[in-house]
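Engineer: Whole structure, please, built from the sequences with the hints as guidance.
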Amino acid sequence: MAQGSETRERDTFAKLLCEHAQVRPDRPAMRHKDLGIWRTWNWSELTETIRAYAAGLQQLGLERGATIAVIGENRPAMYWTILAAQWLGAIPVPVYADAVADEMAYVLDHADVAFAAVQDQEQVDKLISVQDRVPKLRTVFYDEPRGLRDYDHSRLHAIGNIIESGRTRLASDATARAAIDAERDRGQASDISIILYTSGTTGRSKGVLLSAGGSIAAARDTVIFDKLTDRDEVLAYLPLAWVGDHYLNYAQSLVAGFCIACPESRETAEADTQEIGPSFYFAPPRVFETLLTRITIRMEDAGALKRSMFNYFIGIAKRWGEQILDGKDVPLGARLGYAIGNLLVYAPLKNVLGFSRIRVAYTAGEAIGPDLFSFYRSLGLNLKQLYGQTEAFLYVTAQPDGQIRAGTVGPATPNVDIRITDDGEVLYRSPGQFVGYYKDAEKTAETVTADGYVKTGDAGFFDPDGHLNIIDRAKDVGKLSSGALFAPKYIENKLKFFPNIKEAVAFGQDRDFVTVMLNIDLTAVGNWAERNNIAYGSYQELAQRPEVYAMFIEHVAEVNRALAAEPRMAAAQIHRFLILHKELDADDGEMTRTQKVRRGFIAERYKPLVDALYNGAEAADISTEVTFEDGRKGVISARVRIADTKAMPTAKLEAAA
Amino acid sequence: MTAQSETLLAVDGVSLSFGGVKAITDVSFDIRKGEIRAIIGPNGAGKTSMLNVVNGFYHPQHGRITYKGKTRPRMRPYQAASQGIARTFQNVALFRGMTTLDNIMVGRTLKMHRGLFWQMLRYGPAMREEIENRRVVEDIIDFLQIESIRKTPVGKLPYGLQKRVELGRALAMEPELLLLDEPMAGMNIEEKEDMCRYILDLNKYFGTTIALIEHDMGVVMDLSDRVVVLEYGHKIADGTPEVVKADPKVIEAYLGVGH
Chain Y
179 MAQGSETRER DTFAKLLCEH AQVRPDRPAM RHKDLGIWRT WNWSELTETI
229 RAYAAGLQQL GLERGATIAV IGENRPAMYW TILAAQWLGA IPVPVYADAV
279 ADEMAYVLDH ADVAFAAVQD QEQVDKLISV QDRVPKLRTV FYDEPRGLRD
329 YDHSRLHAIG NIIESGRTRL ASDATARAAI DAERDRGQAS DISIILYTSG
379 TTGRSKGVLL SAGGSIAAAR DTVIFDKLTD RDEVLAYLPL AWVGDHYLNY
429 AQSLVAGFCI ACPESRETAE ADTQEIGPSF YFAPPRVFET LLTRITIRME
479 DAGALKRSMF NYFIGIAKRW GEQILDGKDV PLGARLGYAI GNLLVYAPLK
529 NVLGFSRIRV AYTAGEAIGP DLFSFYRSLG LNLKQLYGQT EAFLYVTAQP
579 DGQIRAGTVG PATPNVDIRI TDDGEVLYRS PGQFVGYYKD AEKTAETVTA
629 DGYVKTGDAG FFDPDGHLNI IDRAKDVGKL SSGALFAPKY IENKLKFFPN
679 IKEAVAFGQD RDFVTVMLNI DLTAVGNWAE RNNIAYGSYQ ELAQRPEVYA
729 MFIEHVAEVN RALAAEPRMA AAQIHRFLIL HKELDADDGE MTRTQKVRRG
779 FIAERYKPLV DALYNGAEAA DISTEVTFED GRKGVISARV RIADTKAMPT
829 AKLEAAA
Chain L
2 MTAQSETLLA VDGVSLSFGG VKAITDVSFD IRKGEIRAII GPNGAGKTSM
52 LNVVNGFYHP QHGRITYKGK TRPRMRPYQA ASQGIARTFQ NVALFRGMTT
102 LDNIMVGRTL KMHRGLFWQM LRYGPAMREE IENRRVVEDI IDFLQIESIR
152 KTPVGKLPYG LQKRVELGRA LAMEPELLLL DEPMAGMNIE EKEDMCRYIL
202 DLNKYFGTTI ALIEHDMGVV MDLSDRVVVL EYGHKIADGT PEVVKADPKV
252 IEAYLGVGH
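Chains Y and L are the protein sequences, given in the same order. Reading the first sequence from the start, the letters are residues 179 to 835 in the numbering used here. Reading the second sequence from the start, the letters are residues 2 to 260 in the numbering used here.
No wet-lab data here; the hints were simulated from the structure. No residue lacks a Cβ here, since even glycine has one placed at the ideal position from N, Cα and C. Possibly wrong hints are sitting among the right ones.
What the hints assert, rightly or not - Straight-line distance between alpha carbons at most 30 Å, and here's what the computed DSSO-like set of lysine-lysine pairs gives:
(1) Lys205(L) x Lys211(Y)
(2) Lys484(Y) x Lys152(L)
(3) Lys157(L) x Lys484(Y)
(4) Lys193(L) x Lys760(Y)
(5) Lys246(L) x Lys34(L)
(6) Lys785(Y) x Lys653(Y)
(7) Lys23(L) x Lys250(L)
(8) Lys617(Y) x Lys653(Y)
(9) Lys528(Y) x Lys157(L)
(10) Lys811(Y) x Lys193(L)
(11) Lys211(Y) x Lys193(L)
(12) Lys528(Y) x Lys152(L)
(13) Lys617(Y) x Lys657(Y)
(14) Lys71(L) x Lys23(L)
(15) Lys152(L) x Lys211(Y)
(16) Lys69(L) x Lys152(L)
(17) Lys774(Y) x Lys617(Y)
(18) Lys811(Y) x Lys760(Y)
(19) Lys657(Y) x Lys496(Y)
(20) Lys484(Y) x Lys496(Y)
(21) Lys211(Y) x Lys112(L)
(22) Lys157(L) x Lys760(Y)
(23) Lys314(Y) x Lys621(Y)
(24) Lys157(L) x Lys211(Y)
(25) Lys71(L) x Lys34(L)
(26) Lys71(L) x Lys205(L)
What the hints assert, rightly or not - From the derived model, a few chain Y residues whose C-beta atoms are all more than 10 Å from chain L:
(27) Val401
(28) Ser457
(29) Ile494
(30) Asp641
(31) Val788
Structural biologist: In structure tokens, the structure reads:
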């Protein structure tokens with residue numbers, strides 16, 4: 179549909195959208211599975227929908243520069259709200275849909291939103307429950323009408339109706355159409371296109387202001403880097419409010435013109451991945467880990483023939499798979515073996531996971547275990563790591579095809595400058611770099627250096643090949659009382675590479691030695707217990723079983739062995755540990771919404787346990803308040819055992835000292 | 002949820018006995034259109050028997066059942082089903098090896114009219130009919146939020162979800178009167194709350210009349226418009242939750258004499 183609207187510059191997302199409507203009107207732009215059927219909008223339909231939505235929103239009073247909250251899962255209406263708001267020059271503020279009302283109130287109030295577009299009754303109820311704390315919020319739009327019929331509709335509108343009224347207005351009034359297109363053309367590169375609130379690993383979350391031009395420039399670089407085209411397709415299942423979704427799915431889709439598929443619901447994302455067969459994929463290490471755990475468990479339950487076939491060919495893949503993927507010279511016999519393995523095992527396995535069509539896959543957010551990383555790569559999945567943050571509009575470094583090693587996050591992405599300070603902190607300057615924190619000039623000044631570099635707060639170093647290695651948060655890298663280096667995350671990651679360990683929290687700052695708290699992985703440990711005839715009635719009971727402790731002592735000893743081999747880390751071996759009686763949970767404030775442990779908070783909340791770790795006690799009592807999913811609170815009490823582990827001899831310590 | 006005055010089903014002087022055992026003795030009550038009606042009572046009070054009488058599984062020796070103004074002759078459960086009465090069971094009665102989708106599709110059987118030949122052909126009218134019915138089933142799947150288990154064999158599902166699938170199958174018949182036999186039994190609090198929401202939404206948005214047996218008194222008092230109380234096959238109370246709760250006979254039946 180080529181309407182005369184001229185969009186020569188492509189410096190805002192709304193202009194990009196209209197360009198796609200002209201260049202590739204019939205290519206799919208968005209899909210959504212609803213009532214069991216995939217529905218598709220092509221670029222031309224999508225553009226008309228957004229134009230109508232923008233017109234409707236304008237009539238409801240959404241103006242240039244105003245903020246509008248977007249609260250929901252990855253559904254078309256949520257993405258449409260972002261696009262339509264940007265069309266009008268308003269600023270969308272996505273909020274984590276699973277945030278509890280209290281967290282939500284803070285963000286909504288801080289972002290000065292007068293409008294909110296939400297998914298369903300659940301979110302409407304949340305907003306109503308905090309309305310006295312968000313006095314500026316005037317109007318709420320909702321996507322799913324279910325359950326909302328009897329609500330007071332004076333300030334509540336269905337998104338479907340807004341789009342319809344916009345459509346009618348545009349159809350009946352030619353000047354309205356011209357006016358709405360003129361509104362789009364007033365947008366420019368320097369406009370703030372979105373405010374993304376950081377997850378707040380420490381303290382309150384901050385609103386990161388990103389500009390339209392910067393966002394598009396950054397996305398353009400990586401679209402070229404990974405050769406993405408309008409033939410690609412992604413399944414959008416990452417939280418809407420997270421920079422990863424906004425960048426990888428939203429921004430890259432609008433730059434490259436590929437299709438975003440929205441899952442039916444959060445629970446069906448896996449089945450939907452299989453149906454869509456995305457060609458570009460992102461998942462945090464945790465997801466890959468869960469999948470591998472499940473594959474392993476299923477294979478253990480499989481028949482002897484299938485199991486031995488699987489093990490045999492996975493062996494071949496381990497030996498040759500990565501080299502074949504990287505295009506290295508491999509003997510003919512190995513190639514042949516790998517081809518048969520691909521036919522019998524790798525391809526069917528990838529198909530079950532929905533990975534058959536993936537050209538490029540990324541993982542980031544946490545360190546990924548080398549074995550885990552290699553497993554997927556050996557199957558022929560082009561899995562790579564990237565390093566980035568919200569303030570950079572995601573990418574700072576990424577691994578180019580063919581230059582991939584598990585320990586590093588790759589060299590700087592095109593047009594990104596990285597500098598490492600004398601104390602080891604990583605600084606960068608990038609095209610997508612943020613404009614500032616919303617209403618927090620002080621924090622902005624703290625984060626950005628005088629010459630325009632952004633402080634990541636992460637400690638790292640470049641290896642000889644120019645690949646960046648990240649050790650830990652710079653401020654978390656501490657010292658034991660002996661003065662030896664203590665990098666908690668480094669230790670935690672090593673522990674978390676064991677499938678049985680879901681979470682780890684390390685303590686040791688200004689202490690004589692390092693101790694850790696561990697969470698069991700219920701799937702892996704539960705399955706292990708089943709196979710070994712170990713009876714348990716609850717998570718709590720399983721976690722405290724002596725057999726589980728015995729197994730974890732082995733794991734910790736192995737980590738100590740690895741630490742002992744590294745001169746800088748040898749002193750930070752784990753002396754004592756305990757297994758927590760409950761899973762660390764974001765609802766209890768123990769983790770961030772992006773699933774990072776909040777060490778300080780945990781130390782305070784479990785103070786009796788931390789004390790016991792250091793005073794030599796064999797067990798400690800703890801009772802903690804927990805928040806259920808519906809917001810009610812309860813108390814869990816338990817007696818937690820503490821285990822001692824032996825530090826490994828550190829041969830190199832004397833030499834290093 | 003204003004209970005309308007129109008009576009959907011009336012039970013009039015019903016007595017049922019199995020040989021010498023009297024399960025129900027001279028019980029009368031009515032179910033009004035659009036209400037949620039609870040039947041409660043201690044174990045062995047005859048609640049499930051009453052439900053079985055209502056849907057035609059048992060035939061009372063005495064008394065009359067009037068449904069939609071017509072006194073019902075002796076009939077079979079499938080006849081009750083085709084007249085718009087659907088039910089779920091105290092013990093989950095699903096086809097364990099079949100998927101959620103197929104189980105709910107079974108509930109549409111009475112709405113499918115093409116014979117075996119057309120069904121085997123998978124083309125033409127039978128296919129159209131199937132698509133039509135699948136659409137209704139997908140609406141139910143959406144309503145009960147069980148998309149993620151659409152293709153999962155129900156035998157592999159946790160109990161709470163099986164109960165939900167069973168409700169889905171009953172809904173597939175688009176019933177006018179839905180009989181629920183202990184819909185919350187064996188559920189945890191969260192599952193119970195979900196189930197309550199579905200029952201209320203059903204009643205409110207689709208106008209389905211619901212009769213339910215339930216032991217969880219909190220649930221009964223919150224959900225129902227009117228409650229009938231049975232004890233040893235006799236009706237001992239009938240009225241709004243408040244009235245029933247205060248009735249000394251009911252308190253006695255539940256707590257024993259002397260309270």
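Engineer: Next step is simple, just say for each hint if it's right about the structure.
Structural biologist: Status of the hints after comparison with the structure:
no.: 1; hint: Lys205(L) x Lys211(Y); in the structure: 27 Å, holds
no.: 2; hint: Lys484(Y) x Lys152(L); in the structure: 24 Å, holds
no.: 3; hint: Lys157(L) x Lys484(Y); in the structure: 22 Å, holds
no.: 4; hint: Lys193(L) x Lys760(Y); in the structure: 24 Å, holds
no.: 5; hint: Lys246(L) x Lys34(L); in the structure: 23 Å, holds
no.: 6; hint: Lys785(Y) x Lys653(Y); in the structure: 21 Å, holds
no.: 7; hint: Lys23(L) x Lys250(L); in the structure: 21 Å, holds
no.: 8; hint: Lys617(Y) x Lys653(Y); in the structure: 24 Å, holds
no.: 9; hint: Lys528(Y) x Lys157(L); in the structure: 24 Å, holds
no.: 10; hint: Lys811(Y) x Lys193(L); in the structure: 18 Å, holds
no.: 11; hint: Lys211(Y) x Lys193(L); in the structure: 28 Å, holds
no.: 12; hint: Lys528(Y) x Lys152(L); in the structure: 20 Å, holds
no.: 13; hint: Lys617(Y) x Lys657(Y); in the structure: 35 Å, violated
no.: 14; hint: Lys71(L) x Lys23(L); in the structure: 27 Å, holds
no.: 15; hint: Lys152(L) x Lys211(Y); in the structure: 15 Å, holds
no.: 16; hint: Lys69(L) x Lys152(L); in the structure: 38 Å, violated
no.: 17; hint: Lys774(Y) x Lys617(Y); in the structure: 26 Å, holds
no.: 18; hint: Lys811(Y) x Lys760(Y); in the structure: 14 Å, holds
no.: 19; hint: Lys657(Y) x Lys496(Y); in the structure: 38 Å, violated
no.: 20; hint: Lys484(Y) x Lys496(Y); in the structure: 18 Å, holds
no.: 21; hint: Lys211(Y) x Lys112(L); in the structure: 26 Å, holds
no.: 22; hint: Lys157(L) x Lys760(Y); in the structure: 26 Å, holds
no.: 23; hint: Lys314(Y) x Lys621(Y); in the structure: 24 Å, holds
no.: 24; hint: Lys157(L) x Lys211(Y); in the structure: 24 Å, holds
no.: 25; hint: Lys71(L) x Lys34(L); in the structure: 15 Å, holds
no.: 26; hint: Lys71(L) x Lys205(L); in the structure: 26 Å, holds
no.: 27; hint: Val401; in the structure: 32 Å, holds
no.: 28; hint: Ser457; in the structure: 24 Å, holds
no.: 29; hint: Ile494; in the structure: 32 Å, holds
no.: 30; hint: Asp641; in the structure: 43 Å, holds
no.: 31; hint: Val788; in the structure: 32 Å, holds
Hints 13, 16 and 19 from the earlier list are contradicted by this structure; the remaining hints agree with it.
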